[in-house]
Structure formats: C-alpha cells, structure tokens
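Let the sequences and hints guide you as you build the complete structure.
Using my numbering, read the sequence shown as starting at 1 and increasing by one per residue.
Honestly, the hints are just simulated from the structure, not real lab data. Do not take every clue at face value.
The list that follows gives simulated cross-link-like pairs (lysine-lysine, DSS-like), each with its CA atoms no further than 25 Å apart [as the list claims (entries may be wrong)]: (1) 478 - 229; (2) 229 - 35; (3) 563 - 580; (4) 36 - 253; (5) 420 - 68; (6) 478 - 592; (7) 273 - 592; (8) 201 - 563; (9) 217 - 244; (10) 253 - 478; (11) 229 - 253; (12) 563 - 622; (13) 495 - 244; (14) 273 - 35; (15) 229 - 244; (16) 592 - 580.
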Amino acid sequence: MMNEINVTLQDGTVRRYPQGTTILEVAESISTGLKKNAVAGTTNGTLVDLNHSIEHDCLVELVTLDSKIGLNIYRHTTAHVMAQAIKRLYGSKSVKLGIGPTIEDGFYYDIDMEQPFSIDDLAAIETEMERVIQENLPIVRREVSREEAFRIFKEMEDPYKLELITDLPEDAVISLYEQGEFVDLCRGPHLPSTGRIKVFKLLSVAGAYWRGNSDNKMLQRIYGTSFVKKADLVEHLYMLEEAKKRDHRKLGKELELFMFSEEAPGMPFYLPKGMAIRNGLEQFSRELQRKWGYDEVFTPLMMNNRLWEQSGHYDHYRENMYFTNVEDTTFALKPMNCPGHMLIFKNGLHSYRDLPIRLSEFGQVHRHEYSGALNGMMRVRTFCQDDAHIFARPDQIEEEIGRAIALIDHIYNVFGFEYKIELSTRPEDYMGSDELWDIAEQSLQNVLDQRGIHYRVNEGDGAFYGPKIDFHIQDALKRSWQCGTIQLDFQMPEKFDLSYVGEYNQKHRPVVIHRAIFGSVERFIGILTEHYSGAFPIWLAPVQAKILPVSENYNDYAFQVKKSLEEAGIRVELDVRNEKLGYKIRQAQLEKAPYMLVLGENERHSDSVSVRKRGEGDLGMKSVAEFIALASEESHHELD
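If you want it as structure tokens, here you go:
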C-alpha cells in the first residue's frame with residue numbers, strides 16, 4: 001500500500017495525499033479553477049514546478065498567474081522560448097547563450113553571435129516564437145551531475161554556460177530545462193508547457209558586457225515582455241510610448257532646462273530655465289521649513305578625511321567618495337551633509353530647553369557612480385540634497401518623526417504625488433549595539449502604527465547608522481521613485497560625543513533624526529519633468545507667460561507689458577521675431593508655457609492682453625492688471 005503524507009495548505013488546513021503526489025494534483029484536488037491558474041508551487045518556502053513530486057510532510061503554497069511570482073515564472077519561460085526561436089533561426093551552434101533573467105516588467109536574454117541584431121529582426125524572432133508556442137512543447141526539468149552538465153554544454157559549444165557551471169558551489173543542485181530540441185541551464189521553475197504563453201512582445205536590442213564586467217566580451221541583449229491578457233500588453237506598450245515622450249533627458253534638451261558635458265560626466269549644468277525650476281523648488285521648501293521651525297545652515301563641500309573616519313562614512317562608503325590631498329592632508333568631497341551638521345551642533349552649549357534643534361541645508365554632495373550607471377538627472381555624481389538633522393531628546397523622538405512625516409506629506413500633496421511607505425531595518429554592516437537598534441526600530445514602528453499609516457517592512461535595507469522610513473512616490477505613469485526618507489540615529493551623537501545639559505545640570509546624549517524630502521533635487525527635477533511631461537504648474541514653470549505680438553508694429557507695447565509682468569514677479573518671455581502669429585503660437589505650445597498673451601491693435605488700444613491658457617485655449621481679453629491677478633491666484637491655489 002502506498003504511503004500517505006500530510007500536506008499543510010496556505011489556509012492552514014491539512015490534507016492527506018499519496019506520497020509522490022505532484023503540485024498540480026494538489027491544485028486539482030482543491031478546484032479546477034486553481035488547476036488552470038496555477039503555474040508553480042512552494043514546498044516549505046522553496047519554489048518548485050507543477051510536476052514536482054511531494055515525498056514528505058510539508059507546507060505547500062500554490063503560485064498563480066495573478067501573483068508577482070507567477071508572472072515572473074511566465075516571463076522567464078517566455079525568455080526561454082525566445083532563446084529557442086533564435087537558435088532555430090540562426091543555427092544552434094552559431095548562437096551562444098548568456099543569461100536570460102526576468103526584470104521589472106519583462107525579461108531579456110544575452111546572446112553572443114556573429115550577426116548583429118537590429119530592431120527589424122525582432123519581428124522574425126516573434127514569428128518563430130509563435131511557432132514554438134503553437135507546438136505546446138512540454139517543459140521538463142532534469143537534475144544532472146556536474147560532469148554531465150559539462151558534457152552537454154561542451155557538445156553544444158556554449159562557453160558561457162560552462163563558465164556558469166564552473167562557478168556553481170560544489171554542493172549546488174544543477175538542473176536543466178528541456179522543451180523540444182532546446183536545452184538550457186536553469187534553476188527554474190517554469191510553466192509546464194510553451195503553449196501556456198498567451199501574449200508577448202520583443203521591445204529592443206542593446207549591448208551588454210558578459211556578467212556586467214567591462215573587461216568581458218560585449219554581448220547582444222534582447223529585451224521583451226509578456227502578459228496573460230492582451231489588454232495588459234496594450235496598456236504596457238502605451239505606457240512605454242508615454243515614457244519615451246516624457247523622457248526627462250529629451251524634454252530637458254528641448255525645453256532648455258539642463259545640459260551635460262564630457263568635461264564633467266554625470267554632473268548636470270543648469271541652464272537659466274532649469275535654474276528657475278530649481279530655485280522655485282528650493283524657495284517653496286525653504287519657506288515651509290522656516291514656518292515648521294527649521295534653521296538653515298551651510299557646510300563646506302570638502303572636509304578633512306578624519307571627519308569621515310570619525311563618522312563611519314569612510315569605512316562604509318569610501319568606494320563612493322572623492323578624495324584629494326592638500327598640504328599633505330587627505331580631504332574628501334562630502335557625500336553627505338550629516339557630519340557637518342554634527343560639528344555645527346557641537347559648536348555651542350545646549351540646554352534641554354533648546355531641543356529640538358532642527359538644522360536644514362540644501363547641500364551639494366558628490367558620490368562616485370560608475371559611468372555605465374549614470375542616467376540623466378536620475379543618477380548623477382553630484383547633486384543637491386535637501387537634508388535636515390533634528391537633534392532631539394529621547395522623549396521627543398516620536399513627536400518629531402510625526403512632524404517630519406506631516407511635512408513630507410504636505411509637500412508631496414502639492415505635486416499630486418501618492419506615495420507608499422517602507423520601514424527599513426538594520427543592514428548586515430550596521431554600526432552600534434543591538435539594544436539601541438531595537439529601540440530605534442520600535443520608535444519608528446510606533447509612530448507609523450499610532451498614525452494608522454500602512455507600510456511594509458524592508459528587512460536589512462536601513463542605513464549603517466540607523467533604521468529608516470522611506471517614501472516611494474508614484475508618478476503619472478504609476479512608476480515608483482524613492483525620494484523622501486526619515487532616519488533615526490543613535491550612532492552619530494555617540495561618535496561625535498554630542499551632548500545637552502539636562503534639568504539637573506547633567507550631560508545627556510541627544511538623538512539625531514536625518515530627514516530628506518526631495519532627496520536629490522536633481523533627481524526630483526527629473527521625476528517632475530516626466531511626471532508633468534514638461535508642462536510644469538504655473539508656480540514652477542520656468543516661463544509662466546509667453547508674449548506674442550501679432551506683428552513688429554506692437555513690439556513697443558509688448559516690451560511695456562513684459563516690464564509690468566516682471567515687476568509683478570511673473571517669469572515672462574517675449575517673441576519679437578518677424579514670424580506669423582500661428583507659427584509663434586505653435587512654438588509657445590511646444591515650449592509648454594502655461595499662458596500665451598497675444599498683442600494686437602485692440603489690446604494696445606485698451607491696455608490689455610488676449611489670454612490663451614495651456615490646455616484650455618482662449619480666455620478672452622483681460623487688462624494687464626487682471627492677468628497678473630489671475631496668474632498670481634492660480635499660483636497660490638496650486639501651492640495651498
């Protein structure tokens with residue numbers, strides 16, 4: 001008689017099955033719908049294929065297509081189908097396969113072959129992929145010895161797979177996945193057959209160094225994506241097109257916001273219009289922080305290396321820092337503002353009554369990034385960090401963190417950003433005692449729990465000196481960006497021997513709360529450019545109104561209007577080119593100015609302007625004073 005085993009299901013119920021029952025059979029025993037929707041399972045937390053046999057008592061969870069893990073498995077199988085199609089089209093021995101993982105929203109495969117791919121080749125590969133899917137080939141996992149794996153991939157003349165096998169640990173389980181004539185080295189799991197794939201699209205071709213190392217050969221990388229429903233693919237492709245149109249690098253050039261030069265890789269140059277946006281952001285935040293009880297400071301860009309050794313940044317961060325020697329002394333360009341603020345606090349004596357002390361700075365920092373990682377304003381080597389450090393008594397921690405959350409929430413609401421919160425706990429290289437870390441993590445958790453704020457815990461992603469609350473904003477395309485952060489730190493006050501005088505004239509150690517809202521001003525400008533698609537709200541727009549005289553006859557009047565608007569604090573540009581009005585209007589639309597002011601005989605005669613608003617069209621004639629009031633009211637309304 002066959003032995004039976006106990007299988008504990010996700011909901012806690014225990015069922016008995018014959019030993020050797022597969023994950024698919026477990027799904028079928030629960031419901032036909034689950035059998036149809038399941039793509040894999042887990043046994044005691046380990047991901048396995050649907051045809052995996054269960055031999056011992058265990059906890060089984062079923063993975064369905066509507067889960068993130070399920071979609072990743074679906075896409076991973078699509079990557080294998082793509083590799084199989086390429087081998088069929090270009091010859092099995094001619095195509096050497098690198099790796100083919102899933103990524104956010106899709107997958108890729110790195111390929112080494114003589115013939116260069118172009119975007120035009122993707123259609124032929126897609127057609128062959130359709131054939132593989134139509135054949136509905138069973139996908140079979142096979143565990144092999146290291147020797148057999150070597151033999152198989154030597155016969156296939158595939159050096160990259162041989163290298164991967166060589167680098168596997170001695171005790172690694174080596175598995176192959178086979179579908180028809182195609183064999184790949186893979187951990188899995190995969191769909192049970194190629195016919196389960198419904199819709200897919202190959203997107204682009206790029207170059208990529210083998211294993212990300214520039215000393216290795218450059219391979220060709222084909223990116224693709226796949227979905228269960230066609231509607232999801234259509235929406236994704238629409239979002240990709242939108243993202244291309246909104247690309248901040250493209251818009252930054254077209255709208256003359258910023259530029260980059262080979263003379264300073266990864267270091268943005270702000271053009272006048274970009275500087276207007278940066279100043280607008282800083283002014284807005286600066287004014288709010290003043291009202292919320294912050295004092296603004298400024299610290300040097302370069303400080304003695306012993307300061308960074310004292311703070312712990314040198315030990316934990318030196319690969320990302322820039323150093324220079326001055327008079328036989330090593331100095332470092334600051335990668336963060338915190339140590340400078342510790343010195344400012346230490347500069348004076350503080351009573352318990354003085355706390356909290358809130359120091360803010362728009363501080364320019366420098367961090368080394370590899371050239372391959374640089375990405376417009378999103379990943380740079382120098383940026384302005386809108387830092388603040390709150391020096392507080394232990395009994396003030398939770399109130400101050402609550403205030404910081406409220407300020408960040410207020411600022412994000414002005415931009416229309418929704419956001420999610422993560423609580424990041426101690427990393428592997430954490431500094432300080434477990435006891436202090438426990439207190440710090442509990443304090444952050446208490447604040448979030450008491451305010452009923454939904455959050456997820458991100459294990460091990462805290463700063464080396466303390467746990468943190470991270471704010472992930474969502475832009476207009478529903479992409480997530482980590483910007484704001486609140487970090488609780490018991491370590492820096494210890495390292496810098498910071499103190500305040502208590503009620504009974506005894507010295508006490510303050511706690512430091514690190515806080516950033518924009519995070520990196522550069523990155524935030526990049527995000528805003530894409531979020532608004534370059535059509536900034538009037539309070540932030542580099543040019544708030546564009547004056548368009550109908551002909552040269554009205555240029556003198558146009559200059560008068562410009563002067564009046566500038567005196568009222570409105571950022572304005574005047575187009576006095578000898579061009580037709582229609583052409584000037586189209587140009588102003590491309591520049592995404594919130595308002596166009598058309599000037600002709602009627603307007604000059606009545607000391608007025610004809611107003612056209614972005615997105616709304618003609619608002620009719622208004623006096624100059626009326627337009628100033630209108631623009632001012634709209635600007636204030638956006639900031640409320």
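Right, here's what the structure says about each hint:
1. The hinted pair formed by residue 478 and residue 229 meets the criterion: a straight-line CA distance of about 19 Å does not exceed 25 Å.
2. For the hint pairing residue 229 with residue 35, the CA-to-CA distance comes to about 18 Å; that is within 25 Å, so the pair holds.
3. Taking the CA atoms of residue 563 and residue 580, the gap is near 24 Å; set against the 25 Å cutoff, the hint holds.
4. Restraint check: the Cα-Cα separation between residue 36 and residue 253 comes to about 50 Å, which exceeds 25 Å; the hinted pair is violated.
5. Restraint check: the Cα-Cα separation between residue 420 and residue 68 comes to about 18 Å, which is no more than 25 Å; the hinted pair holds.
6. For the suggested pair residue 478 and residue 592, the alpha carbons sit about 22 Å apart, so the restraint of at most 25 Å is met.
7. Under the criterion of a C-alpha separation no larger than 25 Å, the hint pairing residue 273 with residue 592 is consistent with the structure, at around 12 Å.
8. For the given pair, residue 201 sits about 54 Å from residue 563 by alpha-carbon distance, which is inconsistent with the 25 Å threshold.
9. Restraint check for residue 217 and residue 244: the C-alpha separation of about 29 Å exceeds 25 Å, so the hint is violated.
10. This hinted pair checks out: residue 253 and residue 478 have alpha carbons roughly 24 Å apart, not beyond 25 Å.
11. Of the pairs offered as hints, the one joining residue 229 and residue 253 is violated, with about 37 Å between alpha carbons and a cut-off of 25 Å exceeded.
12. A threshold of 25 Å between alpha carbons decides the hint, and for residue 563 with residue 622 the separation of about 17 Å falls inside it, so the pair holds.
13. As the CA atoms of residue 495 and residue 244 are separated by approximately 47 Å, the hinted pair breaks the 25 Å bound.
14. The straight-line distance between the Cα atoms of residue 273 and residue 35 is roughly 58 Å, outside the 25 Å bound, and the hint therefore fails.
15. Restraint check: the Cα-Cα separation between residue 229 and residue 244 comes to about 23 Å, which is no more than 25 Å; the hinted pair holds.
16. With a CA separation close to 19 Å, the supplied pair residue 592 and residue 580 stays within the 25 Å bound.
Going down the numbered hints, you'll see the structure goes against 4, 8, 9, 11, 13, 14, while the others check out.
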